[in-house]
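Once you have looked at the hints, place chain B on chain A.
Protein chains in written order, with numbering that gives the first Met the number 0: chain A, 0 to 186; chain B, 0 to 186.
Heads up, some of the hints might be wrong.
In this list, chains with the same sequence are indistinguishable; a pair is considered to hold if it fits within one copy or across any two.
Claimed, not checked - Once the Cα atoms are required to be at most 25 Å apart in a straight line, the calculated SDA-like pairs of lysine to any residue come out as: (1) Lys-61 to Asp-76; (2) Lys-96 to Tyr-182; (3) Lys-184 to Asn-59; (4) Lys-70 to Lys-165; (5) Lys-62 to Asp-37; (6) Lys-138 to Ile-110; (7) Lys-96 to Tyr-57.
None of these hints come from the bench; they were simulated from the model.
There are 2 protein chains.
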Amino acid sequence: MQYPNNIRKTYSKINVSHSNRGMSLENALNLSNKYYLDKDIALIYKKPTPIGIVDVSYKNNKKVIEKAYFKEQSTLDYNGLYRGKYIDFDAKETLNKTAFPLSNIHEHQSIHIRNVIRHKGIVFLIIRMNAITYLLTGKDYINYIDNTKRKSISYKYIEEKAYIIKESYQPPLDYLKVVDEIYFKGE
Amino acid sequence: MQYPNNIRKTYSKINVSHSNRGMSLENALNLSNKYYLDKDIALIYKKPTPIGIVDVSYKNNKKVIEKAYFKEQSTLDYNGLYRGKYIDFDAKETLNKTAFPLSNIHEHQSIHIRNVIRHKGIVFLIIRMNAITYLLTGKDYINYIDNTKRKSISYKYIEEKAYIIKESYQPPLDYLKVVDEIYFKGE
Chain A
0 MQYPNNIRKT YSKINVSHSN RGMSLENALN LSNKYYLDKD IALIYKKPTP IGIVDVSYKN
60 NKKVIEKAYF KEQSTLDYNG LYRGKYIDFD AKETLNKTAF PLSNIHEHQS IHIRNVIRHK
120 GIVFLIIRMN AITYLLTGKD YINYIDNTKR KSISYKYIEE KAYIIKESYQ PPLDYLKVVD
180 EIYFKGE
Chain B
0 MQYPNNIRKT YSKINVSHSN RGMSLENALN LSNKYYLDKD IALIYKKPTP IGIVDVSYKN
60 NKKVIEKAYF KEQSTLDYNG LYRGKYIDFD AKETLNKTAF PLSNIHEHQS IHIRNVIRHK
120 GIVFLIIRMN AITYLLTGKD YINYIDNTKR KSISYKYIEE KAYIIKESYQ PPLDYLKVVD
180 EIYFKGE
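Same shape as in the complex, but just chain A (with noise of 0.2 Å):
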């Protein structure tokens, strides 16, 4: 069976939105990671999560670990460099609808946050809930926890002050272009 050209065209388009739409958020950036660096764009990689290692053995004179834990990262998931700048970030979903909460993001994250923005990096978090991934700077997200007690950031907060990062198809979520747009507007 033939299809006219625009309809296997919209198809394919949809395939691709589709595709993306199924991916998690982890393997989203691994794979625009890999697309900046193939392309010589930027160096940015996913840090390993660190382990409790409990018990170990050896085999053919290689390390085996037998027994392991998942440690708490005390800094953020993801970090490089790109344009000559330090960047650093973390990213995050939620399938709460009206709130991101807070508990997603660590005591020693925030500190880290803080941090970094003091040292003239550049930090910030990738959210992505409503099937929808924004970028939140680092300043942003301080100033809401500075001024709140609340437990969660409210997605009206979200909605006003993070920038939508585009999903496409190669790099799947392009936010070094949302990067562009903040950090590097005018040079």
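Below, chain B alone, put in the same frame as chain A:
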């Protein structure tokens, strides 16, 4: 028994020096990074070692790693933010007295060093050999490997090109003092 002042001083100096010499390079760097963090001088962290997970179980709703193996880091072990600049390095010790074996640095790490230089970050190696701790800039490292077929860096080259990092009590290895000299001269 009372020693004259000058003898006591000498004794205490030797003591400090001894205690640092017994400290592993990794431990000395972790303590130095903690010192820099506590004094708000720099934000530099060692990346967790990446692992490949083979098997997990769940105990009281908590994920436990039942089998895993160590993977190679595709970047360098340490990175962070200092004086508004991206900083990235690795630390290696060798018992070899005449040369630093290049097998210590994997091919993808050499590529990463080239990438950081091109993207205008600060990148270097900290090398401990013959009981001295050196800082070799990424540029001098790349210059060497690009112009040799040897499988090691001669100690002569390290003595000629690398900067000595002095050991002290706190921080145990004040490598940022050397970074200041090389990368922030005249600022």
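The hints, checked one at a time:
1. Lys-61 to Asp-76: between (28 Å within a copy, 21 Å between copies)
2. Lys-96 to Tyr-182: neither (29 Å within a copy, 48 Å between copies)
3. Lys-184 to Asn-59: neither (55 Å within a copy, 49 Å between copies)
4. Lys-70 to Lys-165: Neither: 32 Å inside a chain and 33 Å across chains, both beyond 25 Å.
5. Lys-62 to Asp-37: neither (32 Å within a copy, 34 Å between copies)
6. Lys-138 to Ile-110: within (12 Å within a copy, 34 Å between copies)
7. Lys-96 to Tyr-57: neither (48 Å within a copy, 29 Å between copies)
Checked against the numbered hints above, the structure breaks hints 2, 3, 4, 5, 7 and satisfies the rest.
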